[in-house]
Amino acid sequence: MLANLHSFFSGLVDAGLLPTMFSYGFVVNAFIACLMIGPLLGLLGTLVVVKRLAFLSEAVGHSALTGVSIGILMGEPVTEPWISLFAFSVLFALTLQWVRGRTTVPYDALIGVFLAFALALGAALLMFVAKKINAHLVEQVLFGSILTASAYDLVILALITSVVLVLAFFSANDAYLNALSPDIARSRRIRTTLHDYGFVLLIALVTVAAVKIIGAILVGALLLIPAASARLMARDLRGMVGYSVLIATTSALIGVLLPMHMKWAIGTGPAIILVACVWFVIAISVYSLRKGGQPACA
Amino acid sequence: MMGPSLHLSNVGVTVKGQVLVTPLSLQLEGGLWHGIAGPNGGGKSTLLKAIAGLHNHVGEIALHWPADRGQIGYMPQLSPFDASLPVTALDFLRMHCDKQPVWRRYRGNSSIEQVIERVQIKGLLNKRLGTLSSGERQRVLLACALVKQPDILLLDEPLAGVDKAGREQIMSLLREFKAEGGTLIMIEHDWQILQAHCDTLSWIDGGLLHHDSPDTVFSQINSLHLGLRHAS
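The listed protein sequences correspond, in order, to chains B and R.
Everything in the first sequence is counted per UniProt numbering, starting at 1 for the first residue and increasing by one.
Everything in the second sequence is counted per UniProt numbering, starting at 1 for the first residue and increasing by one.
Hints in this document: simulated from the structure, not taken from any laboratory.
Some hints here could point you the wrong way.
As the list claims (entries may be wrong) - So, partial list: chain B residues that the calculated Cβ filter (under 8 Å) puts toward chain R:
1. Y176
2. R231
3. M240
Claimed, not checked - Lysine to aspartate or glutamate pairs mimicking DMTMM-like chemistry, simulated, CA-CA at most 20 Å apart:
4. R:K148 x B:E80
5. R:K127 x R:E113
6. B:K291 x R:D82
Note that CB positions come from ideal geometry on N, CA and C, so glycine has one too.
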């Protein structure tokens, strides 16, 4: 199927409808990945912002670094350390949620402790990883690369996107209600603990799914920046979700394709996040114009 | 509609090692308006939350439904919402009962439309929750509690922060709910409201101290206070 898509894009290039870069299979793969990553992260990002858990997505993103290091040391392929990446990120997120329910430490402080642990462990393991493989390959994991999205990655991304979209369709209202008022949610027999675990699990899954393109360091930013920008521009929740998906998708597409087209030697992760930041500046401008220069309400 | 009766048998609540409600037993008849009053920190909200299923507790809390199990409407204490969050009153209502996810266009929902009409919040629907006044927010919270057509309402200070006109509007809706046969359990500080509307009153201060008609409970509390004053 992917070969057919490659042929289809090549046909469009031959017909002069697309730039020549689309004749490369890896560009088409990255393009398809962005079409899934954008809506996925844009949609889930709104819940991150409503729940005020921006720091959590950063922490889970950084834990991916440790997962990759463990995978490489255990002999997994450098560009596809899926098992350890999945296992560590999911374990990290679930343990964090489990400890949260059993301590009185504020959640942001707890996330800070877990983030520090994941970074320290990842940094320590990288020293051993650097002895085993070319250090430049680790850069791809840290900052993403247009070259690394394989057919296998796209299948995993498609699976995770499907799961999130199904859950978003059937459980979004309960999830938002739980985020805004857990008491009301519980009184309506919504299983809030299950929702909280499901949320951190989804954050871990989308982080893993997007880490090849955006990189471990910046994947959390694409969960946060589009939703934070959308929050400034939207008038209701529907608008916020719409803007967030639009901003995440366009950021991913422009961040991947523009440097390739312009032959700029920039990692896809930084490029995507820089485009998202441009969106954030636009959002602040829109918000300021709408408010007529009045200070933002708390 | 016929609201359920509520039987509490040796119900106590302990949170993180701290006893918030010492075990108490209480029977609240269905179809009546039951007030809960007591000093701040006396465990009223904790008890209501235990009834609503939000707190673990010891003892037994049993709702006896006259027919099939119905719905419980819970209205929590007024809490601040982030004013910059683009969540409108309609979004919040939709989260309670719309089968369509809130990120899709609103295509109308009979339960939501009915409650909007009943609570008269049409003008508030497109306002952000965080920008509503206390009274407006209480009306939206009440609409959310009513939207699934409950048989019993659990209300935690529904009149807090509400102006006189808003109070009358909320009380009128609650009177209507009772007239339809619903059971109400309401925490309230205003003695006049409790005396005028409630059929029974439970005075909670760490545990159940008094339970009777509002007039009787008030006279018991007054005589207790007078006794304490004389003793000191």
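Evaluation of the provided hints:
1. Y176: 5 Å, holds
2. R231: This interface hint holds because 6 Å falls under the 8 Å limit.
3. M240: Since the shortest Cβ distance to chain R is 5 Å, the answer is holds.
4. R:K148 x B:E80: 49 Å, violated
5. R:K127 x R:E113: 17 Å, holds
6. B:K291 x R:D82: 17 Å, holds
In the structure shown, a violation is registered for the earlier hint numbered 4 alone.
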